[in-house]
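Based on the provided sequences and hints, a complete structural model is requested.
Letter by letter, the chains look like this.
Protein chains: 4
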Amino acid sequence: MPEAESRRLTKHHIAVAQNASGRSLNVPIYKISDKRPGPTVYIQSSIHGAEVQGNVVIYHLLQALKKTQINGEIILVPNCNPVGTNIKAGEYTMGRFDPVNGTNWNRGYFYDEQQVRDFASSVDQATSSDDIKSEFRGLLRSSIEAKLSQPWGLGLAQQLNLKLQKLAVNADIVLDLHNGPVSTRHVYIPEYAKQAAHQFSIPHCIFIPNVFAGALDEACFCTWWSLQDRLEERFGRGFDFGVEAFTLEMGSQEVIDFAEGEKDALGILGYLACKGVLDTQQFKPANMQRLGVSLANYKTLFTDFGGMVEYCVKPGQKVKQGDVMARVLNIDNLDDEQAVRTVIAPCDLIPILHFPSASVLSGTQLYKCFTNYVEL
Amino acid sequence: MPEAESRRLTKHHIAVAQNASGRSLNVPIYKISDKRPGPTVYIQSSIHGAEVQGNVVIYHLLQALKKTQINGEIILVPNCNPVGTNIKAGEYTMGRFDPVNGTNWNRGYFYDEQQVRDFASSVDQATSSDDIKSEFRGLLRSSIEAKLSQPWGLGLAQQLNLKLQKLAVNADIVLDLHNGPVSTRHVYIPEYAKQAAHQFSIPHCIFIPNVFAGALDEACFCTWWSLQDRLEERFGRGFDFGVEAFTLEMGSQEVIDFAEGEKDALGILGYLACKGVLDTQQFKPANMQRLGVSLANYKTLFTDFGGMVEYCVKPGQKVKQGDVMARVLNIDNLDDEQAVRTVIAPCDLIPILHFPSASVLSGTQLYKCFTNYVEL
Amino acid sequence: MPEAESRRLTKHHIAVAQNASGRSLNVPIYKISDKRPGPTVYIQSSIHGAEVQGNVVIYHLLQALKKTQINGEIILVPNCNPVGTNIKAGEYTMGRFDPVNGTNWNRGYFYDEQQVRDFASSVDQATSSDDIKSEFRGLLRSSIEAKLSQPWGLGLAQQLNLKLQKLAVNADIVLDLHNGPVSTRHVYIPEYAKQAAHQFSIPHCIFIPNVFAGALDEACFCTWWSLQDRLEERFGRGFDFGVEAFTLEMGSQEVIDFAEGEKDALGILGYLACKGVLDTQQFKPANMQRLGVSLANYKTLFTDFGGMVEYCVKPGQKVKQGDVMARVLNIDNLDDEQAVRTVIAPCDLIPILHFPSASVLSGTQLYKCFTNYVEL
Amino acid sequence: MPEAESRRLTKHHIAVAQNASGRSLNVPIYKISDKRPGPTVYIQSSIHGAEVQGNVVIYHLLQALKKTQINGEIILVPNCNPVGTNIKAGEYTMGRFDPVNGTNWNRGYFYDEQQVRDFASSVDQATSSDDIKSEFRGLLRSSIEAKLSQPWGLGLAQQLNLKLQKLAVNADIVLDLHNGPVSTRHVYIPEYAKQAAHQFSIPHCIFIPNVFAGALDEACFCTWWSLQDRLEERFGRGFDFGVEAFTLEMGSQEVIDFAEGEKDALGILGYLACKGVLDTQQFKPANMQRLGVSLANYKTLFTDFGGMVEYCVKPGQKVKQGDVMARVLNIDNLDDEQAVRTVIAPCDLIPILHFPSASVLSGTQLYKCFTNYVEL
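Chains as they are written, first to last, in my numbering: chain A, 1 to 376; chain B, 1 to 376; chain C, 1 to 376; chain D, 1 to 376.
Everything labelled a hint here was simulated from the structure, so no lab data went into it. None of the values given here were measured: they were computed from a predicted structure. C-beta: ideal position from N, C-alpha, C; glycine also. Among the hints, a few may not be true.
[To be verified] Pair by pair, the computed Cβ-Cβ distance ranges are:
| no. | chain 1 | residue 1 | chain 2 | residue 2 | range |
| --- | --- | --- | --- | --- | --- |
| 1 | D | S121 | B | N210 | 24 to 34 Å |
| 2 | B | V374 | A | F258 | 32 to 42 Å |
| 3 | C | T300 | A | K194 | 39 to 49 Å |
| 4 | A | E233 | C | N297 | 53 to 63 Å |
| 5 | B | N210 | A | A15 | 34 to 44 Å |
| 6 | D | S121 | B | A126 | 57 to 67 Å |
| 7 | C | D336 | A | Q150 | 26 to 36 Å |
| 8 | D | K66 | A | A15 | 27 to 37 Å |
| 9 | A | D336 | B | D130 | 30 to 40 Å |
| 10 | B | Q289 | A | E262 | 52 to 62 Å |
| 11 | C | T300 | D | D323 | 40 to 50 Å |
| 12 | A | A259 | D | K166 | 39 to 49 Å |
| 13 | A | G236 | C | N297 | 40 to 50 Å |
| 14 | C | A126 | A | Q150 | 45 to 55 Å |
As structure tokens, then:
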């Protein structure tokens, strides 16, 4: 690449694990900046190994960013889980969890509610918002480093998570690119950043409460939101550290689609323009219908019986209460009226994703659905 | 069901294996007949556990056959591998091989070339063709039983195969219903039964030589074709025992589709009508384009590098030499011209199936393709 | 069996799941009683599919109990997870978690702290302890049933857990039989039932706080201990509902050993005698050394690097700080002094279990160890 | 290392595959020589990923060879299958076959009987044995290279095998280090090199016919033995190209044991001394009992039923006809006399290895046994 470009754009690798051969497993880190003031953006993809489309999105982001002026800095970490990507079991990739112990690769990030409270109590009234932010970032970084260096060691998934979180610790905007099984594009938006629903160009938005369950987006927004709340309680005035974090689900797992990835990238660039990172003339959110739902109304439909399943409704399609959502073939009763059982929609809904295999045990998560959704 | 129907149609189960809980794993066997003379037909599905669409085809066959007069008898064995169907690894079914030892579930059927030769040598010149057929069937059955009862035991896949083969030993027509990964409908036709290409309603036909590699169709047709050849050599006149066997690939694995299954069933009924089992006025082969290829021209395209793959051509689509068949994203080079490598068609071809995952290691079978194909 | 015995001992099965063939997966339930007053005892084994030795223990328990008078009733549920037992991946059993989604089979039992509080608030001062216990059991049972019958369904592991918990809901004593990877015999004992350490005949005891993390023993003891605490707070007097629950680790997974299982059974019978279920003349705890540790001092040693590991110390063996616990072969450095790295004991300790494979990634849990242990 | 040593001993890596991240997977190659005339020796380990002890043996070989004068050259390739080593499924390594397609990692080496015949026919009567050997090696190498570079590509396991075989193509002695599941030390010896049984220090020897089934040892010895036979047929005089190849089974898989590995290495050094590679004063075969069996008498005992198994006899132990070899617990019959079924020795035998898991399906290979063995 030309020298000027190469100064804007750098690449290095970090080792996040070692395999059973004793070799390091590396993650590539692309950074791009014009040394202009602005937010720090961190975008990673494929923490779940089979969810690969985010890598294409990052590819298209890089192509666009190479030709665009940036305010702030953008850090892009494709294929951030080299362990998960490489776990084959049969033809598919079994990349959602560590095959040794079942640990979800997306549940070991750092968040310490007590630390937030203690820090908030210790802040001097006179400290500026910027200094508070900077000081607390230092504390977060050293806490993560301390966890990573404890003498008895740490589990693989958690090590991976913490090494990635260190890369994101200075970010104001964190985007974690995922995929569903067979899925629409949808996005998880924390309640306190609801306006982002109009800044992304994603048709289905799930609003989630400020609760930590281990994922990267939660680790980021819980930390800063809680800190804001604690400081507001204490000093009686509002704080806004301007940190946002989202999990974006870019369609179906086990799919690479360059054309769709280009659209996905364009949507993210539109969001970044809204946040002041890019030129708002060049990139804008799409003019489109957006549907929103609270997490409590984003429901999972399990099957009560095992068998072979036809998925009768497509992700994104409006379904009426009582409609047939799935047919289950019962191979021991092909000769009678029990041959085909049906799974019925318990209410009006929109399926957002469905299970990717035709063979299911009882208790399989067949669909995840929007219920009681609203147009945004 | 009404009594008359129930006399035509019977169902029972046989145990083909025991699981680690010590419980029997059963296979359902449906038999339907009007006690009229005609061929015996044996149809099984899902010997590979993830290849489930054949079960829907058998469901639709049963619905049609319940209302249709049959010459001969039809034996239907859906979900014939209850072990393979139930091997989950991640969300998908890892059903092509025994997860304990890698044994393909479709390679342990019985065929003994030497036994055919010995039997052919022993036949009396005066014996009628029917008596030869009947006598040799008895020999086959007892050979299979002897293998199954040897004192040191037998491997699981082979036990399963032989127990199924015993069900098929009297059949004149054997259809083994499979699926490809992401696949067109296609059929394997032994060279000596080439005319069947026009009797099925399947667009892509692969003509295979009379060679045994362990599969059910081969075990059936090799046996009888070899016997015919040996007897012809010996007595200088032609023999035709009328035994045919085929592997039918009913589209993609991990898919249940009732509407497509009804069409698949109709095609099989058309073939059965050609063979005298059903009324030729009621069921006919479709009027359609059929393409054929010799096995030597049915080629596998492997990738030389690992990475994340977009499949750029669809199964069934005509592709020109030099066309891009796949793009492979290289996550360590997203910033330069090596970011995307392409896999090119080595000659004019039609992809018949492709690998179902976007993540591949080097040496993965990306596509299987028709080359030098002809219209039939 | 003779009629008198058969009246004492009954067996039935319940379906806990359906597999992808649509067949029910059953669990056997053995009940044995002399209709004499006494505690109800619930013992299950193999909730983790590869942890099979508990089944042998239950076999030996049954042999002994057939010849012994019982006060109360004993419910024995061997092989309580017919899904997990049958998940093979390679030669071994991958039975700790659902291979579809990574869910640990032992984390979905029911416990509702708020329900305990609400119930405690609603109890009438005059109600007898027995009536409180009976009423609360009814509430637990109906809560579990409500969860099992919710309209959107429930995940497989949780369904399994709740169906088993229903069997245990009347029990005063709950024993959940597990195994470690390569492991000593050890037992998890809730802090409030510390005296049980002397009633079992198990050399290594881990004392755990009254905290619910999803397992069966916790679900049982947290519920009743919390209720006791709430009632004591409210009424200012002690309550003891006499409910105890333990997880017993009967040595190593993937091992069936009849002789050891007989000893394990004898130890459990000794405990049951202490609890008044059996004759204390006939069965007694062993006279032996017992070591105890708090959960905080039961530590996991992870490896920082991947490679091929020799486990240099045996489960149960006393190890000094600085001793070599493992050697890791580095195949890229066989020619120099980096060929073998060592993992060192960070303090004096007793390894209780170690990882069962010689090939490890970084972040693998090599050992779990007693530190700061005491003789009981 | 000191310079003189480093000249004797070199190390480099070759890439044998690429993973789904697009990264190369490398194999280390250690070569050691004093530039003195003598045989070329090729030793590899861990073509099956869970069979790791051979890596320790190579480590100890290197330690010894660093201090010993060598006639010829020794090539050591530990951990020769970086794909297989890294396939975890649960805690164990599923390394015997490609998890994508079930292909055994040890069945894709090159051998072409027709090529041997054609070459033998083309040899000029006057050519020296050395020149024939050298010319044929060139032909082998170019055949392997041609297979590796064919335009449609090649499967992963076969690519791996051929890249390794290229490293071994000049070798006079080829040792492929494996492990059994739970196993004694044993060795496969081709019939035409029977004397080697006394040169190794391995208690159990299996004599195998000159038949190719895909493994490395077979690929080597079949080639050269066949060539000798064809040339002898043609010219009426004996040829001996001095090529030997063996599969050595160094105990149980999933075990690293440095002390045992040192003994294993010493045994190999004794063999190499017999072959003129090392000083016969320094290294000698052990004085020990050796038992031999023909392949036809090396029998597999399968179980007819599934369940939970206690292995009652140890590898290496003499067993009498009728002795109990295994007990299988039947969890549905713990209350009656069917609770425990037994697997009986069908004749006098020595178990050499047994299955490593306590949970088995019907048709599992419980034991492999010497029958009709002889003392050598």
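Output the indices of the hints that this structure fails to meet, ascending.
Result: hints 4, 5, 6, 10 break, sorted rising.
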